[in-house]
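Engineer: Taken in order, these protein sequences are the chains called A and B.
The first sequence lines up with residues 2 to 140 when you count with our numbering.
The second sequence lines up with residues 88 to 176 when you count with our numbering.
Just to be clear, a hint being listed does not mean it is correct.
Part of the chain A face toward chain B, derived, beta carbon under 10 Å [said to hold, decoys possible]:
(1) Glu7
(2) Val23
(3) Ser25
(4) Leu28
(5) Ile29
(6) Thr46
(7) Lys64
(8) Gly65
(9) His70
(10) His93
A few chain A positions that, by computed beta-carbon distances, are all more than 10 Å from chain B [stated by the list, open to error]:
(11) Ala3
(12) Ala17
(13) Glu63
Derived from the structure by calculation, the hints contain no laboratory data.
What you are looking at is a predicted structure, and each value in this text was computed from that prediction instead of being measured.
Even for Gly, the Cβ is constructed at its ideal location relative to N, Cα and C.
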Amino acid sequence: MAFLAELIIALLLVVAGFFGIVGSFGLIRLKDPMSRLHAPTKATTLGVGGVLIASMLYFLAEKGMVSAHELMISLFLFLTAPIVAHFIAKVHLHLRASDEKLPRSEGQGDWAGYAAQSKARGVRNEPGDPEGERPAENR
Amino acid sequence: MIAYALLFAFGCFGLALVMNLWRVMTGPELSDRILALDTMVINTIALLILYGIHAGTAVYFEASMLFAMVGFVSTVAYCRYLLRGSIIE
Chain A
2 MAFLAELIIA
12 LLLVVAGFFG
22 IVGSFGLIRL
32 KDPMSRLHAP
42 TKATTLGVGG
52 VLIASMLYFL
62 AEKGMVSAHE
72 LMISLFLFLT
82 APIVAHFIAK
92 VHLHLRASDE
102 KLPRSEGQGD
112 WAGYAAQSKA
122 RGVRNEPGDP
132 EGERPAENR
Chain B
88 MIAYALLFAF
98 GCFGLALVMN
108 LWRVMTGPEL
118 SDRILALDTM
128 VINTIALLIL
138 YGIHAGTAVY
148 FEASMLFAMV
158 GFVSTVAYCR
168 YLLRGSIIE
């Protein structure tokens with residue numbers, strides 16, 4: 002195998018391992034649950050992407066075979082990571098386990114997830130809520 | 088050189104799995120535990136691919152693809168169960 006290919010693969014593996022460990026270290030190091038969402042969904046996904054690219058290059062350089070499996074896996078992971086993060090954030094908002102630890106939303110209302118929930122359940126909004134002053138046909 | 092890099096990556100992802108297990112055990116809230124389980128699935132996919140490079144076979148790609156799909160579906164199902172009380176309405 003060419004030395005350059007070997008060097009690139011080794012470098013990719015080391016960088017991928019570093020990002021993987023950063024993602025999981027952030028999961029145990031960061032303070033509140035909403036910021037804990039950031040580390041695994043970004044850094045760990047990048048680490049797995051590095052491993053997959055290294056595997057693709059390795060099988061291309063060693064065996065001379067082009068495999069699209071890694072591309073499929075990395076595409077799947079890159080597509081599903083934001084969906085999973087969104088679902089977990091919604092679960093955290095929904096359970097309201099730590100209300101005082103939750104960061105404030107930027108607008109004057111509450112978080113938009115709560116408005117969507119109360120709309121879905123047919124709960125009437127309070128009069129002071131900006132969500133409640135919308136015309137009825139827009140609901 | 089690749090053997091040493093592989094060893095380093097194996098160690099990194101193994102240590103990452105231990106950290107995730109710590110968060111699963113001591114997570115103060117349910118969302119932390121779900122997130123840690125999902126991260127464990129992603130780290131296990133990385134370990135499977137690394138083992139495929141180590142063994143020099145392409146058999147482990149299908150396994151990791153299946154693992155990715157099952158992990159995503161189970162995470163979404165658990166979140167959906169907590170959000171709505173049922174998975175398929």
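Engineer: So, as I understand it, the hint says Ile29 of chain A touches chain B; can you test that by seeing if any CB pair is closer than 10 Å?
Structural biologist: holds, 5 Å
Engineer: Please verify that hint: Leu28 of chain A, Cβ, nearest Cβ of chain B, below 10 Å or not.
Structural biologist: Since chain B brings a Cβ to about 5 Å from Leu28 of chain A, closer than 10 Å, the hint holds.
Engineer: Would the hint on Thr46 of chain A be counted as holding, given a Cβ-Cβ threshold of 10 Å to chain B?
Structural biologist: Holds, about 7 Å.
Engineer: Please check whether His93 of chain A passes as an interface residue: C-beta within 10 Å of a C-beta belonging to chain B.
Structural biologist: Check passed: Cβ of His93 of chain A comes within 4 Å of chain B, closer than 10 Å.
Engineer: Hint check: is the beta carbon of Val23 of chain A less than 10 Å from a beta carbon of chain B?
Structural biologist: holds, 9 Å
Engineer: Is the claim that Ala3 of chain A lies outside the interface with chain B correct, judged by CB distances over 10 Å?
Structural biologist: Non-interface label stands for Ala3 of chain A: nearest chain B Cβ at 12 Å, farther than 10 Å.
Engineer: Is the nearest CB of chain B more than 10 Å from the CB of Glu63 of chain A?
Structural biologist: violated, 7 Å
Engineer: Against chain B, is Ser25 of chain A within 10 Å by beta-carbon distance?
Structural biologist: At 4 Å from the nearest chain B Cβ, Ser25 of chain A passes the 10 Å test, so the hint holds.
Engineer: May I ask you to test the interface hint for Gly65 of chain A with respect to chain B, counting a Cβ-Cβ separation under 10 Å as satisfied?
Structural biologist: Since the shortest Cβ distance to chain B is 12 Å, the answer is violated.
Engineer: Is the hint on Lys64 of chain A kept, meaning its closest Cβ partner in chain B is under 10 Å away?
Structural biologist: holds, 8 Å
Engineer: Beyond 10 Å from every Cβ of chain B: is that where the Cβ of Ala17 of chain A lies?
Structural biologist: Non-interface label on Ala17 of chain A violated, nearest chain B Cβ at 6 Å vs cutoff 10 Å.
Engineer: With 10 Å as the cut and Cβ atoms as the points, is His70 of chain A at the interface with chain B?
Structural biologist: Since the shortest Cβ distance to chain B is 4 Å, the answer is holds.
The structure is inconsistent with the numbered hints 8, 12, 13, although it conforms to all the rest.
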